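From first to last, the protein sequence lines stand for chains A and B. Per my numbering, the very first residue in the first sequence carries number 7; after that it's consecutive. Per my numbering, the very first residue in the second sequence carries number 7; after that it's consecutive.
Quick caveat, the hints were computed from the structure, so don't treat them as lab data. Hints are not guaranteed to be accurate.
If we take Cβ atoms under 8 Å as the criterion, some of the chain A residues that face chain B in the derived model are [unchecked claim]: (1) PRO13; (2) GLU17; (3) VAL59; (4) PHE60; (5) ILE127; (6) THR134; (7) TYR137; (8) ASN305; (9) ASP309; (10) LYS313; (11) LEU483.
A quick note: this is a predicted structure, and the numbers were derived from the prediction, not measured. The C-beta atom is built at its ideal place from N, Cα and C for all residues, glycine as well.
Number of protein chains: 2
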Amino acid sequence: MFLKARPLEIEALKPIVILNRDDADELDVRPLDRVELVVNNKKVTAIVNVAEVFILKGEIGLSESVHEDLRVRMGEKVKVRPAEPPESIIFIKNKLSGNVLKSKEIEDIVADVAGQKLSDIEVTAFVTGLYMHGMAMNEIAALSHAMAEAGKSLRFKTKEIFDKHSIGGIPGDKTSLLLVPVIAAAGLTIPKTSSRAITAPAGTADRMECLCPVDLTLEEIKGVVNKTNGCLVWGGAVELAPADDMFIQVEYPLSIDPLLLPSVMSKKKAVNVKYLVIDIPTGRGVKVKTTQEAEDLANKFIDLGKKLKIKVDCVSTFADQPIGYGVGPALEAREALSTIEDGKGPKDLIDKVTCLSSVLFDFKKINNPKDKISHILKSGKADKKLREIIAAQGGDPKIKPEDIPVGKKSIKVKSNKSGRVLWINNHFITRMARVAGAPKNKGAGILLHKKLADKVKRGDILFEIYAESGYKLKKALDIFEKKNVVGVGKKYSIVLAEIPEEEKRKKYFILER
Amino acid sequence: MFLKARPLEIEALKPIVILNRDDADELDVRPLDRVELVVNNKKVTAIVNVAEVFILKGEIGLSESVHEDLRVRMGEKVKVRPAEPPESIIFIKNKLSGNVLKSKEIEDIVADVAGQKLSDIEVTAFVTGLYMHGMAMNEIAALSHAMAEAGKSLRFKTKEIFDKHSIGGIPGDKTSLLLVPVIAAAGLTIPKTSSRAITAPAGTADRMECLCPVDLTLEEIKGVVNKTNGCLVWGGAVELAPADDMFIQVEYPLSIDPLLLPSVMSKKKAVNVKYLVIDIPTGRGVKVKTTQEAEDLANKFIDLGKKLKIKVDCVSTFADQPIGYGVGPALEAREALSTIEDGKGPKDLIDKVTCLSSVLFDFKKINNPKDKISHILKSGKADKKLREIIAAQGGDPKIKPEDIPVGKKSIKVKSNKSGRVLWINNHFITRMARVAGAPKNKGAGILLHKKLADKVKRGDILFEIYAESGYKLKKALDIFEKKNVVGVGKKYSIVLAEIPEEEKRKKYFILER
Chain A
7 MFLKARPLEI
17 EALKPIVILN
27 RDDADELDVR
37 PLDRVELVVN
47 NKKVTAIVNV
57 AEVFILKGEI
67 GLSESVHEDL
77 RVRMGEKVKV
87 RPAEPPESII
97 FIKNKLSGNV
107 LKSKEIEDIV
117 ADVAGQKLSD
127 IEVTAFVTGL
137 YMHGMAMNEI
147 AALSHAMAEA
157 GKSLRFKTKE
167 IFDKHSIGGI
177 PGDKTSLLLV
187 PVIAAAGLTI
197 PKTSSRAITA
207 PAGTADRMEC
217 LCPVDLTLEE
227 IKGVVNKTNG
237 CLVWGGAVEL
247 APADDMFIQV
257 EYPLSIDPLL
267 LPSVMSKKKA
277 VNVKYLVIDI
287 PTGRGVKVKT
297 TQEAEDLANK
307 FIDLGKKLKI
317 KVDCVSTFAD
327 QPIGYGVGPA
337 LEAREALSTI
347 EDGKGPKDLI
357 DKVTCLSSVL
367 FDFKKINNPK
377 DKISHILKSG
387 KADKKLREII
397 AAQGGDPKIK
407 PEDIPVGKKS
417 IKVKSNKSGR
427 VLWINNHFIT
437 RMARVAGAPK
447 NKGAGILLHK
457 KLADKVKRGD
467 ILFEIYAESG
477 YKLKKALDIF
487 EKKNVVGVGK
497 KYSIVLAEIP
507 EEEKRKKYFI
517 LER
Chain B
7 MFLKARPLEI
17 EALKPIVILN
27 RDDADELDVR
37 PLDRVELVVN
47 NKKVTAIVNV
57 AEVFILKGEI
67 GLSESVHEDL
77 RVRMGEKVKV
87 RPAEPPESII
97 FIKNKLSGNV
107 LKSKEIEDIV
117 ADVAGQKLSD
127 IEVTAFVTGL
137 YMHGMAMNEI
147 AALSHAMAEA
157 GKSLRFKTKE
167 IFDKHSIGGI
177 PGDKTSLLLV
187 PVIAAAGLTI
197 PKTSSRAITA
207 PAGTADRMEC
217 LCPVDLTLEE
227 IKGVVNKTNG
237 CLVWGGAVEL
247 APADDMFIQV
257 EYPLSIDPLL
267 LPSVMSKKKA
277 VNVKYLVIDI
287 PTGRGVKVKT
297 TQEAEDLANK
307 FIDLGKKLKI
317 KVDCVSTFAD
327 QPIGYGVGPA
337 LEAREALSTI
347 EDGKGPKDLI
357 DKVTCLSSVL
367 FDFKKINNPK
377 DKISHILKSG
387 KADKKLREII
397 AAQGGDPKIK
407 PEDIPVGKKS
417 IKVKSNKSGR
427 VLWINNHFIT
437 RMARVAGAPK
447 NKGAGILLHK
457 KLADKVKRGD
467 ILFEIYAESG
477 YKLKKALDIF
487 EKKNVVGVGK
497 KYSIVLAEIP
507 EEEKRKKYFI
517 LER
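The following block holds chain A by itself, in its conformation from the complex (with noise of 0.2 Å):
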């Protein structure tokens, strides 16, 4: 059948052509059937939607991605007919019914998926098995090969590359920024790529953003970690695993989060990383509740980093409170950066550099790991590392942490009770920072005055609140006054909760990693 193009402003990725009824039926295909269109010499299969009204009898509606393969004009006749759906599918269904897929099966479905080949029911259809049916190692290992293939790699001089990862969920953890001018200091070779918040109030690279550019070239990280031994860089802008980012889609409005493991190690196989410490924040409010479940995954990343020769060791972390007392772009990016010029700062946060720091230091068999570390950090090593890879990334290497704007509005919120911080609740403390505009707003979000265990007297400050403007400022407070972000007493109370007969489970999602 010839239909004439007609191109549409549908910024989908995916191969997209809308047909109208008549001819769908003409041709017998249905919504999300694949047909395949010639013209000029030109090949493309696309995925059928199907219109009543918007596209006439005898056009087919194109979006950009399939308008630009085939360099049509409007009218111009495009020859359409039925084409089979990719194999991928039946493999996909394969795992639904609970088979464990072979190597070659999970290498089609994720070329399918980074391709763009697959709707979106599809690739749901694929996340929703993994998380239903979970996967054996080999399928693990498989994926993560398989989403490394499918996206573009970092190679460096030396094979001997380092690297931290944490699986995230705790607010203020900008262990990273001063973890990485550590290892470079040593001499190591650190080539940290990093995500954006996705769920969190900041993600490394909003962080270090507030520091230079972070969004690199793969050419331009080569030159920055040759003259320097790490960065600090978007990993998103050089689609190291592009398909992780069509995952993320279809787990981010259900909260399930099946890929974990490819998605973390997928990355790391990328870089061509050899060591590996991973840190899983531990407690209440994290994605990781117990030491018991820490130590599962831990393994779990141990044997997969087996199978990909990347040697993996895992640390359990304190996750009960915010990491120091920034939380936020800007606010994070002062506290790292004001902790790294002489070593001096939050204690939990000084522990977490050294303590990950420490077991990168033991693959290489170094003695006195912690010592070293202290030194690289007091005398001031780490500090103009940090600031050689901030000047070769194109930053200001004499930033300071005062120049770092933060938000314009600010209150403090005081407390109406002595006693001790008994609790922080990690969610509201996300949430607040979210709606005071982190990580959008780089200079809004939380600045702690008080952690747990800390003394309290009525009317002492708790924390400040930053945001641009007086409205976001005011819906950050209200959920302050509505929930019980910090909570202040003599002594706990036995009562934990009050769980009302018919309580909404709100979504509290953690998808950073």
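Model the placement of chain B on the given structure of chain A, informed by the hints.
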């Protein structure tokens, strides 16, 4: 945030809005999050999509349904703020995790599906959850109720409503065109709503449409049934179970059908059926392969019937070849019409009509049901009743078989062997009929000349293909030339099939119900 309305030509039934990336970040919403729109005292909750270029900062693209609900002009300011996702998403996630859902939760999900409040990803998660975890009988019953409640309903003078349903899969099955007049002629009420073909060469609605209109309104259906005791109409026109259409949109591309039971029974509930016979075609090429499977499915239908107060009986029928000789809407309508004239026609068709009708007679404890049915067929009473129904639905009651147009192009396919017909492959008969143009081209299809166990001489006609164009005829013939559509031989071979090492399992999926 206030954004300028930009109505888009997006025909989605779902309330979709498209935000510029920047505004989405500012609102802290991601694709598939929800926003609330307020303008002119009207309020709509919509599903977020994000564009980089096509929608400018400060604009909001509105799909047709949102535009119609809000009645805004191009450029008018709309107040936009983040909204909570529907609670039903939590229940869907619970199903993904393997939980048994409560009736109230299922009602919420179905209402949101029918109300277009869920994205494709969310509906897919529900359908795959049902597929993978199965359903408890209480869940199936709740789903049937909820699907019926979400749509319109039909009530008649009498509460003694009879119905027949086939779970489908067998080409050429024109049983309902004879059974409905037989039952109605016996004085019982049988308001048959049926579907158009999804994956088959013809649905009952497609066949009947060769005789008279089938897209009647609820009021028109009542009129027909009150006058004639029966009808044969398209259920899709009256929205008896709108959620089912949404589910089918997901099931079709994935070739899965977890909603068979609630889908069938919700539609029966919507027309207040009291006595129901279900035909379960059983054989290699259909959904149900063995009598054991048929028995299991039958027991589920019977149990579900008890919960819904519908008396159900099931019959497992032979399905290793088409019913009668015609396959395709017009060829089947011709065959039904000529058979009902005097009760003479293909033995398997008459057997099936007689057997299924007698089950309905048994519900009323009518003596000698088979004799009575035979009399109704042979005496012309059934013919008269069918013509009454045709007239009441707006057709010509004097229509003769040869008045129904069949494909202008046809070809006779001959046997190159002598022997007996050993097997007929339903899948390939279906494929040939569809490639020839059925069901869209009503006159397209296959007219068998030989059926199972018939004697064949070399050069005898096996079947004819009908189509509207030589091109389609040729394509159907191609299937015959490449595939083993009809097996002719002296005796069965001990070898059923040779299976090549990496055979691709093509999908031959039957989604009729």
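These are the hints, each one checked on the structure:
1. PRO13: violated (12 Å)
2. GLU17: This hint holds: GLU17 (chain A) lies near chain B, its Cβ roughly 5 Å from the closest one there, short of 8 Å.
3. VAL59: holds (7 Å)
4. PHE60: holds (5 Å)
5. ILE127: Check passed: Cβ of ILE127 (chain A) comes within 5 Å of chain B, closer than 8 Å.
6. THR134: holds (4 Å)
7. TYR137: holds (6 Å)
8. ASN305: Violated, about 23 Å.
9. ASP309: violated (24 Å)
10. LYS313: Violated: closest Cβ of chain B sits about 25 Å from LYS313 (chain A), beyond 8 Å.
11. LEU483: This hint is violated: LEU483 (chain A) lies away from chain B, its Cβ roughly 16 Å from the closest one there, beyond 8 Å.
This entry does not satisfy hints 1, 8, 9, 10 and 11, going by the numbered hints stated previously.
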